[in-house]
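Which chain is which? The protein sequence lines are A, B and C, in order.
In terms of this note's numbering, the first sequence opens at residue 1 and continues consecutively.
In terms of this note's numbering, the second sequence opens at residue 1001 and continues consecutively.
In terms of this note's numbering, the third sequence opens at residue 2001 and continues consecutively.
Please note that the accuracy of each hint is not assured.
What follows is a list of derived Cβ distance ranges for each label pair [claimed, not checked]:
| no. | chain 1 | residue 1 | chain 2 | residue 2 | range |
| --- | --- | --- | --- | --- | --- |
| 1 | A | S385 | B | I1197 | 44 to 52 Å |
| 2 | A | S385 | B | T1020 | 23 to 31 Å |
| 3 | B | T1192 | C | V2200 | 53 to 61 Å |
| 4 | C | A2096 | A | G305 | 53 to 61 Å |
| 5 | A | G146 | C | S2003 | 27 to 35 Å |
| 6 | C | L2265 | A | R399 | 36 to 44 Å |
| 7 | A | R344 | C | K2343 | 16 to 24 Å |
| 8 | B | T1192 | A | S385 | 50 to 58 Å |
| 9 | C | V2015 | A | D171 | 37 to 45 Å |
| 10 | A | A241 | B | S1021 | 55 to 63 Å |
Bear in mind the hints are in silico, worked out from the structure with no lab data behind them.
As the structure is a prediction and not an experimental result, all values here were calculated from the model.
Backbone N, C-alpha and C define an ideal beta-carbon position, used for all residues, glycine too.
These are the residues of each chain, in order.
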Amino acid sequence: MTADLARDPEAHARPDEDRPASSTPSVPPPPSVPPPPPALEARAITRRCPGALANDAVNFVLREGEVHALLGENGAGKSTLMNILYGMVPPDSGEIWRSGRRVTLRSPSDAIALGIGMVHQHFMLIPGFTVAENVLLGAEITGRFGMLDPRRASAEVRALSERHGLPVDPDARVADLPVGIQQRVEILKALHRKAEVLILDEPTAVLTPQEVGELFTVLRGLKARGTSIVIISHKLKEVRAVADRITVMRAGRVVGETTPAEADEQRLATMMVGREVLLTADRSPAQPGDEVLRVRDLHVRDGQGLPAVRGVSFSVHAGEILGIAGVQGNGQTELAEVLSGLRRPTEGQISLAGRDVTTASPRALIDAGLSHIPEDRQRHGLVASYSVADNLALATWNRPPFAAHGVRDEKAVRARAEALVKTYDMRPPNPDALVANLSGGNQQKVIIARELDRPVTLLLASQPTRGVDVGSIEAIHRAIVAARDSGAAVLLVSAELDEILALSDRVAVMSRGEIAAILDASEATREQLGLLMAGARTTP
Amino acid sequence: MQGALRSGKFPDGHASVSETSARVRRLVEPLTVPVLSVLTALLVGAGVIAAAGGDPLAAYAGLLEGAFGSARALSETAVWTTPYLLAGLGVACAFQGGLFNIGAEGQLALGAVAAAWAGYGLPALLGGTLPAALHVPLTLLCGATAGAAWAAIPGWLKTRTGAHEVINTIMLNYVALNAVSYLLNGPLKDPTPGNVIARTPLIAESARIPVFVDTLRVHWGFPLALALAALVGWGLERTTLGFAIRTVGASPDAARAAGMNVQRTVVLTMAMSGALVGLGGAIEVTALNHRHELGFSQGYGFDAIAVALLGRNHPGGVVLSALLFGAMRNGATRMQYLTQIPADVISVIQALILLFVAADGLVRRLYRLRGGAAPLTLTRGWGG
Amino acid sequence: MGSRRLAFVTLIVAVLVGAAALAGAPRVAAADVVVSMIATTLAVATPLTLGALSGVMCERAGVVNLGIEGMMLSSAFFGWAGALYASAAWGLPPGASLAFGVAMAIVSGGLLGLAHAALSVTFRVDQIIGGTVINLLAVGLTGFLNRQLFFERTGPFGGVVPRSPGVLPRLHLPGLADLPVVGRIFEQQPITLTAILLVVVAHLALFRTRWGLRVRAVGEHPRAAATVGIDVRRLRYESVILGGCLAGLGGAYFTLESVPSFEPLMTNGRGFIALAAMIFGNWTPTGAFAAALVFGAAQALQINLQLFRDQIPPSWSFLQHSSIVGLLPYLLTMLILTGVIGKTTPPAADGKPYDG
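Chain A extracted, bound-state conformation (with noise of 0.2 Å):
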């Protein structure tokens, strides 16, 4: 593991050098033809995951100093591509070209040595741990017998963010610092590591617009640096802004490369999607009755103990949906958890139809009428070790039809999951199939069968369609319209703005805790929303 260090030995001795002179020692010198070759390049690459191939004879080419999208749904293949050319997983056939040379990437190492360096998704960072004991892990500035030198540490970590204008504490503790700061400090590791390729794994999931913004710009500074970058992202508007090229992936395989000139967002979504996909949901307008769910100043605070909601109200009608807007991070989660009966507020009231819920159990709020699809569907919606039709029977698995005299009915259980999996089109359509083996999308559908199965007061849906393939997407923005038109109220918690735009009445936008406001959806601009989620105060 320290392979690293005994190769350039004197790495760390220099920190006044970005990058030495002859940058890749070990890669010979250009043929005498241009161009120069590709800074990175995968040819053929196949990786089989069970059941299915996540990368199908792929090719991939990133050309020196350009940025580079990698556009496609969740299931595409583009992070398992990215974790093989990172050394994270081994391909099963294929090649990787790096600078014109063959390379065998046996471990992250490997691809480190390389100059390869990467920004993960879920950052790779131990929040326990300062930026600079971050930034250094595996690379780390000892003194004698391994000991540590935190002195020296924090001011190479200091000059280095000075270097390349990203400003950071190098002393904070990494869990202190907001998301757009630590993936700072994602950038920073890699740079340390000299990387000359940078892949960044869908950096602006976590972002708001304007943290968006100056992601792009460090980008750019990097690239007129000669940094080669590839971005992955399956957001249109985001890729057509910032990339030089896009490579398309679909269902593992590559389906075509283009320019952000020669490509527009309707034809890059058919390119990902496979067919023409309508961008907007088709609905009639809403027709709000009674007032089903009213929040009144209600306060949470979160795992940590830290205040996450702070004085939300708001409440949501028969027939509407009512979507909340925000980055993740602001304080939907918890808000949304204590809808659900799994979080106590501190402060503040809940009613449902009338009655007080502010501290009811999970199992008293399903009785009143709600009916759930949470935001971490493998751990509150699903039992993976169970088959569909007991995860179908489980929020009302000991009453009739499931369950009579605490005896379960299991041909009642397996009647109606022959059924839902039918109406839901389900892959595989078999009610023993064990909801583990299914894919994303399928999963939700299950949860969704389950709870728009009963009689529906409220629907509360947290990131209905997060990490679901686009057809799933279409089916499941379906049904939560057609449970809003037989008279639910809908509580829409996303993070994807388009999703929000599609399907709200109206729209309330989270930021740290609070409602910065809430819009009229016929009324509400992008522009808008994206400022209001900043932190921007608008009155309506």
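Based on the hints, put chains B and C in the right spot on chain A.
Below, chains B and C alone, put in the same frame as chain A:
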């Protein structure tokens, strides 16, 4: 694609596999690893015996003869199986609910003490004598209740404070053993003049579970344990409570979101587990020893973990593995008599069985088996 | 260690020492009882300290070690057997025999550490079950070998336990041990002194060295460590084997330092109490040491009460039963686990198999 198909890495179970062979496989598959584990453990055990200077073949022949060689041997195997079965069922119940009850040893001891007390003390307390039809069930109930109460403590502590049940059940073992030692040397000590042994008085005739035949020790506690195994199996599979227990075990978060009362289920699961184990102790007293004496347990409580895991926490499987453990323990005496190999070697073999069952991947690698069940997950962080 | 827990430790130790002084009051000077209590506490805390250090090492790397009890029991046996063989079969002098025994104990602990690492890292067995396997294996193996080697006529010594080389000698720390009154505290045996030294070494290794930083990274977020080229499996193996060696030294205390004999099950739950000490000490070597002292003091009190048994007033006569005072460490453990004395936080990836 061609290469992929030929390399055979795709999961099978496509149309090419006929229905019957699939059904046979479903039946055989769950047995494969346990059976191979037992065989491997016996092989390694043979190595240990040989290394210690014994003759493994003679040893195992003695073991077999001792376990199954005569009516008396069979009777004794049933006698030894009974506590394994009940303690194993208890531990398996807890496992199904995602809880690790390492406290069976203490629950067993308390169940035995409580039953012994009820056996000799209850008639006097209620003023006179009790009919056997009432006294036996009451005595067993006392044992089961003591075990249930003792096991419920770590369950309650877990739901209240998050303290992990593993350390608490172990600690309660020591507390129970110390407390039992105090009781048997103090308040509950057999007052017969001249008695220096730490033991209770003999229980009343009316509290004793009868044997089938006067000449053999096998008693009605054995069929009772088998019936309980069937009941537990049905309960876990078919009742709403069983479904709740399994769901809490598989995913406490999902259970809570589905409106199940996770805290109550955890305490109840531990209590049920302790009740079964305590009953095991009570039956030893009422059917076999007719009193409780210090150090009666042969480590049933710890072996119960192996019994449960070898039986895959399934009541049917637990019956089979309890029979195996009972037969081995029983046969070991004969083996030691015939070959002078210490009966303790059985503990080594039983620990090895647990090792191979737990390290399912090790056995699969040894025998080049494919596939594998999802590993059991109990470690969800410490409390404190 | 938080101030609340530090106060708790001080308070409990003070109460226990005070209780001993009270019990001995009519016969022995309080100062002597206090000094003797402290000296005994340090000695009997040794296996707990080493067991807790073993736990800290393993769990900082993300591997729960429930097998400390079994590791200590096996090492107690193999250390003892090694010393007996060295002195009786090979005729080594007592000092060399004991040193060989200690080495055997450490090696056997390390081997069980290797086994635990293989189970939990390579075979991804649930770590609590893996630890239980080690515990049961240790009970079976030591019981069997003890009988086979020393109590069977067919054994190498013909069924007679050979004369043991005794226990490790007390060391006289120059200067400290010459102090008046308190000098006795510093007259300790080598494993006890080594354990205290190892607390400091473990602290430095975990929090001041590159290796320690990486171990902690692996215990908090193994995937993050892997992405910067750290070999998660290798580090987990290293930590768990090291933890096994520490538990092994702890096992040696029982048969080579405390008493010159082996009894089946003689560790008597010390390995599990050590885990509680580790938890209470918030997974730090120094905190674990402080917690081990609390348990040590409880045990020292038990020993002292035995000495002053006849002085216990009749109304407290149940204290004469050693089994009642013997409950103290176990009940303390449960109290500590409830978190009423302050919650602690395990390493984030503790107990989770790494499949990257």
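The hints, checked one at a time:
1. Remark: the range hint 44 to 52 Å for S385 (chain A) to I1197 (chain B) is upheld by a beta-carbon distance near 50 Å.
2. Between S385 (chain A) and T1020 (chain B) the beta carbon distance is about 26 Å. The supplied range of 23 to 31 Å therefore holds.
3. Judged by the Cβ atoms, the range 53 to 61 Å given for T1192 (chain B) and V2200 (chain C) holds: they are separated by roughly 58 Å.
4. A2096 (chain C) and G305 (chain A) have their C-beta atoms about 58 Å apart, which keeps the hinted 53 to 61 Å range intact.
5. For the hinted restraint 27 to 35 Å between G146 (chain A) and S2003 (chain C), the CB-CB distance of approximately 32 Å keeps it satisfied.
6. At about 50 Å, the beta-carbon gap between L2265 (chain C) and R399 (chain A) misses the expected band of 36 to 44 Å.
7. A beta carbon spacing of about 18 Å between R344 (chain A) and K2343 (chain C) agrees with the range 16 to 24 Å that was offered as a hint.
8. At roughly 55 Å, the beta carbons of T1192 (chain B) and S385 (chain A) sit within the given window of 50 to 58 Å.
9. Look at V2015 (chain C) against D171 (chain A): about 41 Å separates their beta carbons, and that is inside 37 to 45 Å.
10. Look at A241 (chain A) against S1021 (chain B): about 57 Å separates their beta carbons, and that is inside 55 to 63 Å.
Consistency note: the structure conflicts with earlier hint 6 alone.
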